[in-house]
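Given chain A's structure and the hints, the job is docking chain B onto it.
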Amino acid sequence: MREVAGLWSGRIMPCVPLSSESRLSRGHAARMLIMEATMEYRRLGNTGLTVSRICLGCMSYGDPAATIAGSNLRWEWALKEDAARPFFKRAIDLGINFFDTANVYSFGASEEITGRALREFARREEVVIATKVWGVMRPGPNGGGLSRKAILHEIDASLKRLGTDPGRLVHACLAIR
Amino acid sequence: MHAWQFAKAQHVAERHGWSRFVSMQNHYNLIYREEEREMVPLCRDQGIGLIPWSPLARGYLARAPEAKGTKRSETDRFGRTLYSSMAQADQPVVAGVDKLAKTRNLPHAQIALAWLLRNAAVTAPIVGATKMEHLETAVAALGVQLSKEEVTALEAPYVAHPIAGFS
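Sequence order for the protein chains is A and B.
1 is the number of the first residue of the first sequence in my numbering; add one for each residue after it.
1001 is the number of the first residue of the second sequence in my numbering; add one for each residue after it.
These aren't lab readings, by the way, just hints derived from the structure by calculation.
Note that CB positions come from ideal geometry on N, CA and C, so glycine has one too.
You may find that some hints are simply not true.
Stated by the list, open to error - Taking beta-carbon pairs under 8 angstroms as the criterion, some of the chain A residues facing chain B (in silico):
(1) M39
(2) E40
(3) R42
(4) L44
(5) G48
(6) C55
(7) S60
(8) A65
(9) E76
(10) L79
(11) L94
(12) F98
Excised from the complex, chain A in its bound form (with noise of 0.2 angstroms):
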């Protein structure tokens, strides 16, 4: 346990240390920074995974008018598909590899979007997504949870909207609250 630990915590690749002009002008220096630093990447725990040190959250991307029966959850400042795609893009060319959504963000419209994004941006072998199952998904029994059924179930839902295959490309990451 031990020996695998220490390979968890190993830098893959080193970071450019910044030059002094980088901080030169607060507008300036957020550019500048990002061509100079290079992406790190970690073993996810003791996973043989590599991600980016920076995972893309992707709750913002989304249906703002997404609702279901019963529910009050709102993602009112959600990006459509049109305005989240660059997002994607963007990350994928600084080197972050790592993505994190849910079945239940705007009801499952963030896990379309990021399917669709990855595929046209990413090399799916080289991507992480992580999902997460427990949020309702619909009004009625079972429409939530962590029972066997709910999680077997929103798994394949979760996979069919990534529109991938387990093991290649998704680390279903069980947010138990």
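Relative to chain A, chain B alone:
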């Protein structure tokens, strides 16, 4: 979730020969550090990857206190529940980020993210972006190193918080 619940889940998985959880997505940032008590050491000990959510505390750590927030900061109801009760106690921490951002001439978000990234237990903070600069600023945080003195100053005003993000 509580660390004892996570330890129990791992124990149950192991006893039955099931897959153990390999990552923990927890609520962790400069104004919510309760995870440092049990969850972070547990995950570090067990080789569980930490992927904290809300690393910028719904934007509070991503801008000057007087700056206008995003549409999300006005409409994210869950986000509002996370930090409203301790807003006053958080003010000195937010002010510390503001001060350091101005001293170092860096975006606020880079200070808050650099603080998380320097922690070897943290695999990757989950950063949302509704403007391209959010994304670019986050990636650039990888190039920001904080000195020991800067870290001490950022952490010093923190006080214990009631649990937020799960019940």
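Results of checking the hints against the structure:
1. M39: With a minimum Cβ separation of about 7 angstroms from chain B (threshold 8 angstroms), the hint on A:M39 holds.
2. E40: At about 5 angstroms, which falls below the 8 angstroms cut-off, the nearest Cβ of chain B leaves the hint on A:E40 intact, so it holds.
3. R42: Interface hint status for A:R42: holds (5 angstroms vs cutoff 8 angstroms).
4. L44: holds, 4 angstroms
5. G48: A:G48 check fails; min Cβ-Cβ to chain B is 10 angstroms, beyond 8 angstroms.
6. C55: This hint holds: A:C55 lies near chain B, its Cβ roughly 4 angstroms from the closest one there, short of 8 angstroms.
7. S60: OK, holds: A:S60 within 8 angstroms of chain B, min 5 angstroms.
8. A65: Violated. Min distance 13 angstroms.
9. E76: Holds. Min distance 4 angstroms.
10. L79: With a closest approach of 6 angstroms, the A:L79 hint holds.
11. L94: With a minimum Cβ separation of about 5 angstroms from chain B (threshold 8 angstroms), the hint on A:L94 holds.
12. F98: holds, 6 angstroms
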